[in-house]
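J.: If you count the sequence shown from 1, position 65 lands on 481 in the working numbering, and the numbers rise without skipping.
Treat the hints with caution; some may be incorrect.
Stated by the list, open to error - Derived lysine to aspartate or glutamate pairs resembling EDC-like cross-links, with alpha carbons at most 16 Å apart:
#	residue 1	residue 2
1	Lys796	Asp597
2	Lys811	Glu789
3	Lys811	Glu788
4	Lys486	Asp469
5	Lys796	Glu648
6	Lys796	Glu630
7	Lys624	Glu733
8	Lys624	Glu575
9	Lys676	Glu536
10	Lys660	Asp758
11	Lys676	Asp758
12	Lys458	Glu733
13	Lys624	Glu806
14	Lys458	Glu648
15	Lys676	Asp449
Said to hold, decoys possible - Label pairs and their in silico Cβ distance ranges:
#	residue 1	residue 2	range
16	Arg492	Glu757	46 to 54 Å
17	Glu615	Ala489	27 to 35 Å
18	Pro693	Glu521	40 to 48 Å
19	Glu816	Phe530	31 to 39 Å
20	Arg466	Glu615	43 to 51 Å
21	Ser634	Pro759	31 to 39 Å
22	Glu521	Phe754	29 to 37 Å
23	Glu457	Arg723	14 to 22 Å
24	Glu816	Asp449	26 to 34 Å
25	Leu750	Glu457	17 to 25 Å
26	Arg541	Thr659	46 to 54 Å
27	Gln512	Pro532	24 to 32 Å
It is worth saying that the hints were derived from the structure and are not from the lab.
By construction, the Cβ of each residue, glycine as well, lies at the ideal position given by its N, Cα and C atoms.
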Amino acid sequence: MNTLLQRWLFIGLLCGIAYAQRPIEITFWHTLDSPGREALEKIVGEFNGRQRDYRIVAQHVGDLREGGLKLTAAIRAGNPPQLYYGEVSFVSRAVQENLALPLEEYLGTLPTDFYPGLLETGRFRGRTYALPVELHLPVLFFNADQLAARRLNPPQSWEALAGAAQQLSTRSARGFIVVSDVYSFNAVVMSRGGQLVREGRPNFTDAKVVESLEYLQSLVRSGSAVSRNIAEAQFAMVDFVRTKAFMGVAPITVWPTLEKRTPIPFRLGVAPLPRTPDGRLPLAGGNLMVLRGATEAQARGAVALWRYWMEPTNLAEWVRATYCLPLRRSAQPLLEDFYREDPRRRVAFSGLEQAQTWVQDPEVTLWYGYLEEALERVLKGNASPRQALEEAQRKALAVERR
417 MNTLLQRWLF IGLLCGIAYA QRPIEITFWH TLDSPGREAL EKIVGEFNGR
467 QRDYRIVAQH VGDLREGGLK LTAAIRAGNP PQLYYGEVSF VSRAVQENLA
517 LPLEEYLGTL PTDFYPGLLE TGRFRGRTYA LPVELHLPVL FFNADQLAAR
567 RLNPPQSWEA LAGAAQQLST RSARGFIVVS DVYSFNAVVM SRGGQLVREG
617 RPNFTDAKVV ESLEYLQSLV RSGSAVSRNI AEAQFAMVDF VRTKAFMGVA
667 PITVWPTLEK RTPIPFRLGV APLPRTPDGR LPLAGGNLMV LRGATEAQAR
717 GAVALWRYWM EPTNLAEWVR ATYCLPLRRS AQPLLEDFYR EDPRRRVAFS
767 GLEQAQTWVQ DPEVTLWYGY LEEALERVLK GNASPRQALE EAQRKALAVE
817 RR
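Let's have the full structure, built from the sequences with the hints guiding it.
T.: If you want it as structure tokens, here you go:
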């Protein structure tokens, strides 16, 4: 064998070894905005730097709705990501559409200190298809200065909230903000003991659902609340910050956005969501889903990222950035100074016993628009709550695949 041929064989061998040692690339689409976006990118960067088997390429693809549209287009074009950050309500839909891979064979033995019910957000029909990372509960945000000026306590019931909203309202401001999106409405319904979905079917005409919408309409009609539809949802926070409204319901993860990115000219109040004795709190947030088309190695890499994310030190840092729920008990001691610094941060955590996954109906992505149209007609156009919900129910049932 001549020298030139030996050199080419040696170079080929080196290239083959280098190629074999290249980390497996995993495209990861997510919908987190700041400050969660920076915290996520930090975790991904650290994971990539601590091992050589996988390289996660994180890409922000807009909010949940924008991300869903881009994912649909990518699937149709045949180039979806391998890993997707989806809202918990999307898990069942992804399973029904054969988009999500079951993950049991990649999980191995999991830590035993996850808080009860949290891993269930990623399960559907007894199998794990998604891994929770950023779960949250709704809370009541309020203008503490305005409540104090009127000697009002944070309302602990919906009746008390109506009374406080009336006392807080003036010619130029309203006591409460009503946003007519499905999540916000569901938070009211569940906290009053109702369900938007029962036995896998839309349940809009249930008495407690109708009563919840009648309650919100009465606040708007009386001048105690301002209504914002989906197109105006971004202005709900503006209303609150600019003291055009003094109370509102939102996920606790809105808090760091309020405090770190927006100057607030008043003391921010945070309290548990009012709840009836039979009421529940909607558990929502983000999960990681491995999409079909991912290789076995890519699926293992996605699970490895999640396991790194769930290490107590990393999880505690994640909670500090996003104010989401600490998913594991072992992270709790690392957060004591965070909670001690501001005891209000425990508010959502204290509601874990009443938490329940907010919806796992595969058809929710098909019918939620009908419900939001009904909410807008009632809260903006003064339509009959019962009639609007009955119409939304008929439309929702028509698209259910039963």
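J.: It remains to establish, for every hint, whether it holds in the given structure.
T.: Verification of the supplied hints:
no. : hint                        : in the structure
1   : Lys796 - Asp597             : 13 Å, holds
2   : Lys811 - Glu789             : 11 Å, holds
3   : Lys811 - Glu788             : 12 Å, holds
4   : Lys486 - Asp469             : 28 Å, violated
5   : Lys796 - Glu648             : 12 Å, holds
6   : Lys796 - Glu630             : 13 Å, holds
7   : Lys624 - Glu733             : 39 Å, violated
8   : Lys624 - Glu575             : 15 Å, holds
9   : Lys676 - Glu536             : 32 Å, violated
10  : Lys660 - Asp758             : 26 Å, violated
11  : Lys676 - Asp758             : 15 Å, holds
12  : Lys458 - Glu733             : 10 Å, holds
13  : Lys624 - Glu806             : 14 Å, holds
14  : Lys458 - Glu648             : 32 Å, violated
15  : Lys676 - Asp449             : 13 Å, holds
16  : Arg492 - Glu757: 46 to 54 Å : 48 Å, holds
17  : Glu615 - Ala489: 27 to 35 Å : 33 Å, holds
18  : Pro693 - Glu521: 40 to 48 Å : 42 Å, holds
19  : Glu816 - Phe530: 31 to 39 Å : 32 Å, holds
20  : Arg466 - Glu615: 43 to 51 Å : 46 Å, holds
21  : Ser634 - Pro759: 31 to 39 Å : 33 Å, holds
22  : Glu521 - Phe754: 29 to 37 Å : 36 Å, holds
23  : Glu457 - Arg723: 14 to 22 Å : 18 Å, holds
24  : Glu816 - Asp449: 26 to 34 Å : 32 Å, holds
25  : Leu750 - Glu457: 17 to 25 Å : 21 Å, holds
26  : Arg541 - Thr659: 46 to 54 Å : 47 Å, holds
27  : Gln512 - Pro532: 24 to 32 Å : 26 Å, holds
The earlier numbered hints that this structure contradicts are 4, 7, 9, 10 and 14.
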